[in-house]
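2 protein chains.
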Amino acid sequence: MLDAVQSLGYIPNKTARVFKSGRSHILGLVISTQHISELAFNAGFQSRFKALTEKAHSEGYNILIITSADAEGRSYFEVIKDQVADGFIILSPSVNEALTPLLEEAGIPYVYNMKYSNRPEDCYYVSSDDVEGGYIAAKYLLDLNHTEIRFIVGIVKGNFMPFNVDRIVGFKRALAEYGIAFREEMIVSVPGQMEESYTMFHHMFQTRRPTALLISNETTTVAALNYFHDHGIRVPQDVSVIGFGPSEFFRHLRPNLTNVSYDIAWSSNKQVDLLLQRIEGQPITPERPKKPELIIRDSTARNVQH
Amino acid sequence: MLDAVQSLGYIPNKTARVFKSGRSHILGLVISTQHISELAFNAGFQSRFKALTEKAHSEGYNILIITSADAEGRSYFEVIKDQVADGFIILSPSVNEALTPLLEEAGIPYVYNMKYSNRPEDCYYVSSDDVEGGYIAAKYLLDLNHTEIRFIVGIVKGNFMPFNVDRIVGFKRALAEYGIAFREEMIVSVPGQMEESYTMFHHMFQTRRPTALLISNETTTVAALNYFHDHGIRVPQDVSVIGFGPSEFFRHLRPNLTNVSYDIAWSSNKQVDLLLQRIEGQPITPERPKKPELIIRDSTARNVQH
DNA sequence: CTGTTAGCGCATTCAT
DNA sequence: ATGAATGCGCTAACAG
Chain A
1 MLDAVQSLGY IPNKTARVFK SGRSHILGLV ISTQHISELA FNAGFQSRFK
51 ALTEKAHSEG YNILIITSAD AEGRSYFEVI KDQVADGFII LSPSVNEALT
101 PLLEEAGIPY VYNMKYSNRP EDCYYVSSDD VEGGYIAAKY LLDLNHTEIR
151 FIVGIVKGNF MPFNVDRIVG FKRALAEYGI AFREEMIVSV PGQMEESYTM
201 FHHMFQTRRP TALLISNETT TVAALNYFHD HGIRVPQDVS VIGFGPSEFF
251 RHLRPNLTNV SYDIAWSSNK QVDLLLQRIE GQPITPERPK KPELIIRDST
301 ARNVQH
Chain B
307 MLDAVQSLGY IPNKTARVFK SGRSHILGLV ISTQHISELA FNAGFQSRFK
357 ALTEKAHSEG YNILIITSAD AEGRSYFEVI KDQVADGFII LSPSVNEALT
407 PLLEEAGIPY VYNMKYSNRP EDCYYVSSDD VEGGYIAAKY LLDLNHTEIR
457 FIVGIVKGNF MPFNVDRIVG FKRALAEYGI AFREEMIVSV PGQMEESYTM
507 FHHMFQTRRP TALLISNETT TVAALNYFHD HGIRVPQDVS VIGFGPSEFF
557 RHLRPNLTNV SYDIAWSSNK QVDLLLQRIE GQPITPERPK KPELIIRDST
607 ARNVQH
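Protein chains in written order, with the numbering used here: chain A, 1 to 306; chain B, 307 to 612.
Rather than coming from a laboratory, the hints here were simulated on the basis of the structure.
From a predicted model like this one, the values you see are computed outputs, not experimental measurements.
Some clues are possibly wrong.
[What the hints assert, rightly or not] Think about it this way: if two alpha-carbon atoms lie no more than 20 Å apart in a straight line, the pair counts; the simulated EDC-like pairs of lysine to aspartate or glutamate are:
#1 B:Lys-320 <-> A:Glu-104
#2 A:Lys-55 <-> B:Asp-388
#3 B:Lys-387 <-> A:Glu-59
#4 B:Lys-361 <-> A:Asp-82
#5 A:Lys-172 <-> A:Glu-185
#6 B:Lys-361 <-> A:Asp-70
#7 A:Lys-14 <-> B:Glu-384
Could you put together the complete structure from these sequences and hints?
In structure tokens, the structure reads:
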């Protein structure tokens, strides 16, 4: 009789099974609409998406893409609570103090991709060591005799993202070690992506021209290289450039870019592991942030000016 | 009493609601693991992902990412039938004759992003007019006096993808109109992405050097530009290049690339519309493929050689 | 070892 | 208008 059932085109109702078992084997990936719209040269997000999907897949889970237009705690929660998913990976564009208590109260398992709170019990995230990232990048430029350095960071609603705050801390630390005074103008924020970044570099290079750039996102890095290409500014002869993000991406740019390389596959895997531990009610083993590496390529050179 | 329920932190069980209503408001996006692993410069997939996600979102649906390692009909079906989703958008890397009957028999609504069969009743797809795409690109190069043209196409398991078959038809049509004999060597297939493409261009330019290139995917286009950059081959003075894909991507390359531009947002929106019609059992209004446009930029010039 | 049944939480129907 | 009962399709527990 079972054979008959099998040979007939019977397909068990997945919804009923999920309902009964209480497990959908779906992981919600919560992203802002900004993430989606800025996909093109956002190599960091792409790597994260790839790694999370592959890892989830290998653990028997699928990824549900969940977007929320305004990245507020309450609205994120409204979207999250309506989803069929066993847990959520939250790629917050900023610190989100309001969201966590709501999720906790509702008993919804979650994980962040970065530090989301200053309370020690809020340990459900796996991040990278961004202080170190800012430090090694700045140190390398200082070793190459650069002092007119600009650190280009994106801003969301007028605020630095937490990892940029950390990178700036590392940047300042390196400066201090070398006895170079920090000046506010060394930090340059860009509100947007490709177009705004291009314009910003235009202004920057019309006025006081720096000898070295740290650029905290990939799209802005592409904008910089395009601006330099269009205006005959040579990298690294005229300006040194260091990018932040997955190393493979920068290897495919011209010139090959020196960059602070994050092991996004590692952190993504750990995020999924952590989330699955929460879902299964297992004890949590917090992960220490992994140190990024400086990959030296062709976009950085010794400063011979002045 | 209702107020009390509201004010208390009561959250209705989404799974039970889905079970009862029979609607998950989830659309499965079925992709191969290849899609995921080749995300980086795959601007076409990125645009598609973005457009599908935004459209689904605006229709009150979310996107579930479903991957299958081997893109066979049966294994795709095995994965699909286990998913909680109201319907599926299938980004098949090749024609998939085996999958469709299985889905039909199981009564699972689906939509493809390209023509998936030659039977007239298999009309559940929204594609672009790729014959036209190949034609306008080739015609433009022929107008610029190029005859040593190479059409670079990706292959999956030794086969051209259906849209490349169409583009080649258009390419040959243009050739015929201009009285240029087609030669087999004009079609060059690359098995892989960035690295393999780079090597392939190296071989190509060591031997008989073409004056113009049509490149059917974005990663290979980037590989070509990188190869030319590294070896002092100037675009468009030494070689003309035309890419295929979303126009914004090519605008951010250097030089700005002439390209055959597809309206991916349009086709993605239509795909979701079509799928929702199927899900709701509404009569289907088939969409005619939209014609692509040739965007002329800085990577194409008149052939003055010979 | 095979066959029957209870119950998951919601929405809908029906009875009050 | 409010409240109680039913059933969706599975699975796990239980009975035969």
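Results for each hint:
| no. | hint | result |
| --- | --- | --- |
| 1 | B:Lys-320 <-> A:Glu-104 | holds, 17 Å |
| 2 | A:Lys-55 <-> B:Asp-388 | holds, 18 Å |
| 3 | B:Lys-387 <-> A:Glu-59 | holds, 18 Å |
| 4 | B:Lys-361 <-> A:Asp-82 | holds, 18 Å |
| 5 | A:Lys-172 <-> A:Glu-185 | holds, 13 Å |
| 6 | B:Lys-361 <-> A:Asp-70 | holds, 17 Å |
| 7 | A:Lys-14 <-> B:Glu-384 | holds, 12 Å |
Violated hints for the displayed structure: none, as all numbered hints are satisfied.
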